[in-house]
Amino acid sequence: MDAFGGPIWSMTASPSGSQLLIGCEDGSVKLFQITSDKIQFERNFDRQKSRILSLSWHPSGTHIAAGSIDYISVFDVKSGSATHKMIVDRRYMGVSKRKCIIWGVTFLSDGTVISVDSAGKVQFWDSATGTLVKSHLIANADVQSIAVSDQEDSFVVGTAEGTVFHFQLVSVTSNSNEKQWVRTKPFQHHTHDVRAVAHSPTALISGGTDTHLVIRPLMEKVEVKNYDAALRKITFPHRRLISCSKKRHLLLFQFAHHLELWRLGSTVATGKNGDILPLSKNADHLLQLKTKGPENIICSSISPCGSWIACSTASRFFLYRLSYERDSISLQRVPKMPAFLRSALQILFSEDSTKLFVASNQGSLHIIQLSEGCFKHLHTFQPQSETVEAMCLLAVSPDGNWLAASGTSAGVRIYGLKELKPHCTVPAYNFPVTALGIAPNTNNLVIAHSDQQVFEYSIPDKQYTEWSRAIQKQGFHHLWLQRDTPITHISFHPKRPMHILLHDAYMFCIIDKSLPLPNDKTLLYNPLSLTNESDVIRRRTAHAFKISKKYKPLLFMELLDERTLVAVERPLDDIIAQLPPPIKKKKFGT
Amino acid sequence: MVQLRPRASCTPAEADAMVDEGQPASEEVAEHGLLLGQPSSGAAAEPLEEDEEGDDESDDEAPEELTFASAQAEAREEERRVRETARRDKILLKEKRKRREELFIEQKKRKLLPDAVLEKLTTTSQTNIKKSPGKLKEGTTHRSNLSVDLQKKHEGHDKGSDSKKAGTQKVQPGSQNKSYVALRLKDQDLRDARQQAAKAFIQNSLYGPGTNRMTVNKFLSLANKRLPVKRAAAQFLNNTWGAQKKQNAKRFKRRWMFRKMKASGRVNGS
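Residue numbers (UniProt numbering), protein chains in the order written: chain B, 1 to 590; chain G, 1 to 270.
If you're looking for bench data, these hints aren't it; they were derived computationally from the structure. Values in this document were obtained by computation on a predicted structure and should not be read as measured data. Treat the hints with care, since some could be wrong.
So the derived label-pair ranges between C-beta atoms look like this [what the hints assert, rightly or not]:
1) G/Gln107 / B/Leu579: 54 to 62 Å
2) B/Asn296 / G/Asp189: 22 to 30 Å
3) G/Tyr180 / B/Ser328: 53 to 61 Å
4) G/Ile202 / B/Arg326: 43 to 51 Å
5) B/Leu169 / G/Asp189: 45 to 53 Å
6) B/Phe588 / G/Thr215: 19 to 27 Å
7) G/Arg99 / B/Arg47: 49 to 57 Å
8) B/Lys85 / G/Asp189: 26 to 34 Å
9) G/Thr215 / B/Tyr429: 42 to 50 Å
10) B/Ala542 / G/Ile202: 55 to 63 Å
11) B/Val133 / G/Thr215: 37 to 45 Å
12) G/Thr215 / B/Lys247: 41 to 49 Å
13) G/Tyr180 / B/Lys185: 18 to 26 Å
Built from N, CA and C at the ideal position, the CB exists for glycine as well.
In isolation and in its complexed conformation, chain B is listed as follows (with noise of 0.2 Å):
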């Protein structure tokens, strides 16, 4: 719906929930009524001279503040009009021709307003008279976000050299009453501009235009010393965005806003252990599929067969038939999916490409019959009538039996496809699923969990197989429990049915179930070195988890055929290369 103020620039709830708040172009905040089935227009506070850029509701939803360009203004909700309007310095204790922005604000609940503003100060206010309290001038940039905790007894704020700080209240000596607000810590864990942050009760979550998520968890607020006590950088998603069809060898790419396709290129040569043999031909970028409208594309499979391809965005869904000539391509679209495939979040095809499995957003799978250029809705498997959340994951076996989808927090369910009905249902866990797979003959499905747990289960004896209750039994090497990234995708063998292929951003594995599960005294990763040992050294020191770590940052790695392995990098420096430019910073030496 049209707020007809122009583009919005902020958006706030109220506390109870029932009312929110908008900040546009032309300077008017707007409030709307948020009801069961839509948002509906209420009134216009007083117009202000120039956009508003950042808006807080007071705990008590009485009062709101506005950050605009050069002041703050201090609203009373019930009659729409300021009651104080507070102009800010251009520059902390000078002037300047700038314009100042007040990035950020927030209304505490004893009335202290707080902002951050392009100057580099964080300013504290106090709305009952207008004036300011206190100014701390913390960068010579801009300071870009500011968030409070519930308590309200500390907050963080975010500035556009990447330096994170954290302020608190803390008593002006150790047995007075009175506190006073203090910088305490600074984080410098960006080196782009930090543009978003939030303060969960045990952390402080920043994330800027570096493309990584930091979060710092507070050391005073750490009670046990465990994997949640570390820093942690994400950097790259956790879900697979590469497909690949076996058949044609080809690799879809998922972007933002576009899917591009490539052909691998093949090479005739042949040579020895670790050599880079040339190619014959070269890779070729067959397809470029843009979508049309702002949203971003949710998720993309292209089947087996290279012949169909599907993504889907919020609100439409795409389905598209590739037909291959001699030597081109040619795309055509089927018209008129049906609505209920809309935003979904995961889409499969079987392996002989006749079927299509959607994972919609409100907790049903679909299942859509494909034949030549039509398409058919076959069945749909309803959720479980306790909770409504989103399949996450899909799996399907290689001879078209089971399906397997797992959600948020129960276990996985695992569905016959033959029948149309439902299996069983693997036991729940406590840790997300991040990736899941079966196994070709003997329908093992092996589900991979975010602690790094691997378990594996037989679908035909509804039950965990042998191997994972010995693996569960002695546990994972220690160093296998202590890597970051979670694995995103597993794979099998065609024709060896002891092995598993797992990947994660940084290695990838393969599991030899007939050999000996390593114990937390033997080294997990192989050093190169042992490849020239004698054959009985490296029988004893053999173990099942075959780790190589030769190809990272890694997005995905896929079994072609018996003797191919296919792995997509993706160097960061690449990622880098095209951030916008950060704030100049002065290194002793340069």
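Position chain G against the provided structure of chain B, taking the given hints into account.
Just chain G now, kept in the frame of chain B:
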């Protein structure tokens, strides 16, 4: 009105008189010469001379006599003629204007939609307004815009605009048996202008002049500068340097090759 007598030109007659009379007219020549030398010597000189000449030639040529009555009559005639021409011009212009107006009305009528469609539009808009009394504030303002625009159309005000542009904010597809969405162009311009302003603002405030930003090349090369063995910048070559010179060189090379080919062709041919 005074009418001046037409005067015969004096000089050629005097010349003849000079030639005829010959020598005895030498004093007269001198006299005449004086007179001739100063042909515009004054009106006073000429009447004397003319009187002499008039006496010389004949008595027929009496100065014309104009009575006041005849002069008045002439003047009146002139006036009437002028008035007549003016009136005729005015009438002509009037007729022209009338014809043009009619032509314009014809054209306008041709450009407007047939009455049947206009009728349909007005009736559906009336029903729509009646149907939705409880709409949002913005909704109602736009409905009133719609009715105003349709009125204007009836007056033939909105020249040269199709039905698509002229006023409907959104037409219910069921009631019209057509599926199209009509937008006002004025709204779109305002929206575009505001979007441009917003984009320019954010670009200027974060990356514009006055912000202390460094290029990505410099950022990636900072580490290289501080290594124990200093390395070059991440992007060392500037491929855009000397673009004009390179282009000129390419063109010259092409021309030179062509000339060479031609020359060698000629040598081979001959």
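### Query
Are G/Arg99 and B/Arg47 spaced within 49 to 57 Å by their CB atoms?
holds, 54 Å
Distance restraint evaluation - B/Leu169, G/Asp189, Cβ atoms, bounds 45 to 53 Å: Once the Cβ atoms are compared, 50 Å apart, the range 45 to 53 Å for G/Asp189 and B/Leu169 holds.
*Taking the beta carbons of B/Asn296 and G/Asp189, is their distance inside 22 to 30 Å?*
Cβ of B/Asn296 to Cβ of G/Asp189: about 29 Å, so the range 22 to 30 Å holds.
Holds or violated: the 19 to 27 Å window for the beta-carbon distance between B/Phe588 and G/Thr215? Given about 20 Å between the Cβ atoms, the range holds.
Taking the CB of G/Thr215 and the CB of B/Tyr429, does the distance hold inside 42 to 50 Å?
48 Å Cβ-Cβ, so the 42 to 50 Å window holds.
Q) Honestly, do G/Gln107 and B/Leu579 meet the 54 to 62 Å range at C-beta? A) holds, 59 Å
inquiry  = Between the beta carbons of B/Lys85 and G/Asp189, is the distance compatible with 26 to 34 Å?
reply    = holds, 32 Å
Between G/Tyr180 and B/Lys185, does the beta-carbon spacing fit 18 to 26 Å? This hint is violated: roughly 60 Å between Cβ atoms.
Q) Taking the beta carbons of G/Thr215 and B/Lys247, is their distance inside 41 to 49 Å? A) holds, 45 Å
- request: Starting from the hint 53 to 61 Å, judge whether the C-beta atoms of G/Tyr180 and B/Ser328 obey it.
  value: Violated - the Cβ-Cβ distance for G/Tyr180 and B/Ser328, about 37 Å, lies outside 53 to 61 Å.
For the range 37 to 45 Å, tell me whether the beta carbons of B/Val133 and G/Thr215 fit it or not. Because 40 Å falls inside the window, the suggested range holds.
task = Take the C-beta atom of B/Ala542 and the C-beta atom of G/Ile202, compute their distance, and say whether it sits inside 55 to 63 Å.
result = Given about 58 Å between the Cβ atoms, the range holds.
Checked against the numbered hints given earlier, the structure breaks hints 3 and 13 and satisfies all the rest.
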